[in-house]
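Visitor: Chain residues, written in single-letter form:
2 protein chains.
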Amino acid sequence: METIISPSNKTVKHIKSLYQKKNRDSYREIIIEGLKNINEAISSEWKIETIVFSETVYRSEDFDFLKNSCVLKKIKTIIVSEKLFNDICDTENSQGILAVLKIPDKSSFGAVTADDGFDLGNHRKIVILDSLQDPGNMGTVIRTADAFGADMVIVSEGCVDVYNPKTLRAAMGSIFHVPVYKSYDIEKLIGELKGLGIKILAAHLNGENFEDKDFIGNVGDTSSIAVIIGNEANGIRDSIAAAADRLIKIPMPGKAESLNASVAAGILMYEIFLSKT
Amino acid sequence: METIISPSNKTVKHIKSLYQKKNRDSYREIIIEGLKNINEAISSEWKIETIVFSETVYRSEDFDFLKNSCVLKKIKTIIVSEKLFNDICDTENSQGILAVLKIPDKSSFGAVTADDGFDLGNHRKIVILDSLQDPGNMGTVIRTADAFGADMVIVSEGCVDVYNPKTLRAAMGSIFHVPVYKSYDIEKLIGELKGLGIKILAAHLNGENFEDKDFIGNVGDTSSIAVIIGNEANGIRDSIAAAADRLIKIPMPGKAESLNASVAAGILMYEIFLSKT
Chain A
1 METIISPSNK
11 TVKHIKSLYQ
21 KKNRDSYREI
31 IIEGLKNINE
41 AISSEWKIET
51 IVFSETVYRS
61 EDFDFLKNSC
71 VLKKIKTIIV
81 SEKLFNDICD
91 TENSQGILAV
101 LKIPDKSSFG
111 AVTADDGFDL
121 GNHRKIVILD
131 SLQDPGNMGT
141 VIRTADAFGA
151 DMVIVSEGCV
161 DVYNPKTLRA
171 AMGSIFHVPV
181 YKSYDIEKLI
191 GELKGLGIKI
201 LAAHLNGENF
211 EDKDFIGNVG
221 DTSSIAVIIG
231 NEANGIRDSI
241 AAAADRLIKI
251 PMPGKAESLN
261 ASVAAGILMY
271 EIFLSKT
Chain B
1 METIISPSNK
11 TVKHIKSLYQ
21 KKNRDSYREI
31 IIEGLKNINE
41 AISSEWKIET
51 IVFSETVYRS
61 EDFDFLKNSC
71 VLKKIKTIIV
81 SEKLFNDICD
91 TENSQGILAV
101 LKIPDKSSFG
111 AVTADDGFDL
121 GNHRKIVILD
131 SLQDPGNMGT
141 VIRTADAFGA
151 DMVIVSEGCV
161 DVYNPKTLRA
171 AMGSIFHVPV
181 YKSYDIEKLI
191 GELKGLGIKI
201 LAAHLNGENF
211 EDKDFIGNVG
221 DTSSIAVIIG
231 NEANGIRDSI
241 AAAADRLIKI
251 PMPGKAESLN
261 ASVAAGILMY
271 EIFLSKT
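Chains as they are written, first to last, in the numbering used here: chain A, 1 to 277; chain B, 1 to 277.
This is chain A alone, in the form it adopts within the complex (with noise of 0.2 Å):
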């Protein structure tokens, strides 16, 4: 196969696009890197448009099983040098490939919408994310909602988004296994879930101190938890601490003011769906 060397390849150039918001959002395809990632979305139903090595990946014998998935799977294969797949992707210490996948027409990222009356069936352990600026943290909250079992995440129209590649890189092939949702009106999304007997807690500066497993089970019910985590900066919006059931926070007897919101995110959901499994 040949090696493409300039940038100004049609398919390199659709690719390089990808990693703007607005190209993704009218093309409905991503991008995701590295072996891990690749090999989940293999292994899940979406569908892989084409997958991009650098020269030396490709010539290495540790991928020949990939090769072998795509000859099988008649998934595109594309080699490019490796300054160019450097041009291509934007990361330090990259693993040398990449793969475009097709959005699912019912993607997991699917809308929520208040008005959608969404079917909560058995998703009972839910997080939520309240305007999540960076997407190392979001694809991190991701991956750990996956590692503790959570059944959904959903996040608020000021997170950032779900498909930027940097999220995706951070997630570990997490996004391939825990469904997220999207929400445009969070307040009332809370209000159903209240209604459906979900509790729910938010992480907040002001919030109650959460010492220990105890605290969970003063919560009542505890088999069916919504965990709010805001913004890195500004924390939960008002509107949304207001319509949360109790507000938590965990004790920090050190200097720092605050924890990284996916340090955060990760202890809480240890405590409470570990509590619960």
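Worth double-checking, as some hints may not be accurate.
A pair holds if it fits inside one copy or across any two, identical chains being indistinguishable in the list.
[Stated by the list, open to error] Mimicking BS3-like on lysine-lysine, the simulated pairs with C-alpha atoms at most 25 Å apart in a straight line are:
1. Lys-47 to Lys-255
2. Lys-166 to Lys-102
3. Lys-47 to Lys-182
4. Lys-255 to Lys-182
5. Lys-47 to Lys-83
6. Lys-255 to Lys-166
7. Lys-249 to Lys-36
8. Lys-102 to Lys-255
9. Lys-13 to Lys-67
10. Lys-36 to Lys-255
11. Lys-102 to Lys-21
12. Lys-67 to Lys-22
13. Lys-166 to Lys-47
14. Lys-10 to Lys-73
15. Lys-194 to Lys-22
16. Lys-194 to Lys-67
17. Lys-83 to Lys-199
18. Lys-36 to Lys-47
19. Lys-47 to Lys-67
Source of the hints: derived by calculation from the structure; they are not laboratory data.
Fit chain B to the supplied structure of chain A, relying on the hints for placement.
Guide: Just chain B now, with coordinates in the frame of chain A:
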């Protein structure tokens, strides 16, 4: 004060050079970004050499307090155009402010060698990082260690540079609260810590499940504990794992195979350090 616009200005060139480790090492200077970090530095024992403002930030009244502090403490300030600021500092969404600090002769980032026989004193809650590679993760771990009252962080030789601007950014000023030491021989150091009666717990995918605080009780004396966190992809080196008292694993009932290193560190510190404060 005149606004600098030329990238070939001598001071600007010098500051820009500090984004490279070799220059930080040779000049013994580091860069910190953002108001939060700079405020923490001002109230610390570190010496601020220069503060760089972008033009807009300098003109904003929000920064009057800081500008007055600079005058009062005779800190050199320079103003650069927006374009030049973004050229110096490769951060997306920078706050338009950064500072150059002199590394103190007796820096808390001092080197710990096994031969130093360094005095642990009351340092009884210790975090050890083995070959942690991501600067964001390292900064986040330092921030969390600060929040949960850890007494020190020790980094192995194979870790990313503590002075990396991304590490310092993620640490959100906690670098000025928690001493960070570098060890050139972690195995030997672990031996020394054990000799001092400190229990060594290591996060390991083959470890025992770390389910609740009873586990901590089982460790024995819970007043002196060191937690080791390993490399993002490969975990803790075998020789280090072999030297630990116990290998522990955070239970993950979901599909993700592992947690982000800074999330795992956060959960372990939360359980271990908070159970005895």
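Visitor: Going through the numbered hints above, which ones does this structure break? Give me the numbers in ascending order.
Guide: 5, 12, 15, 16, 17
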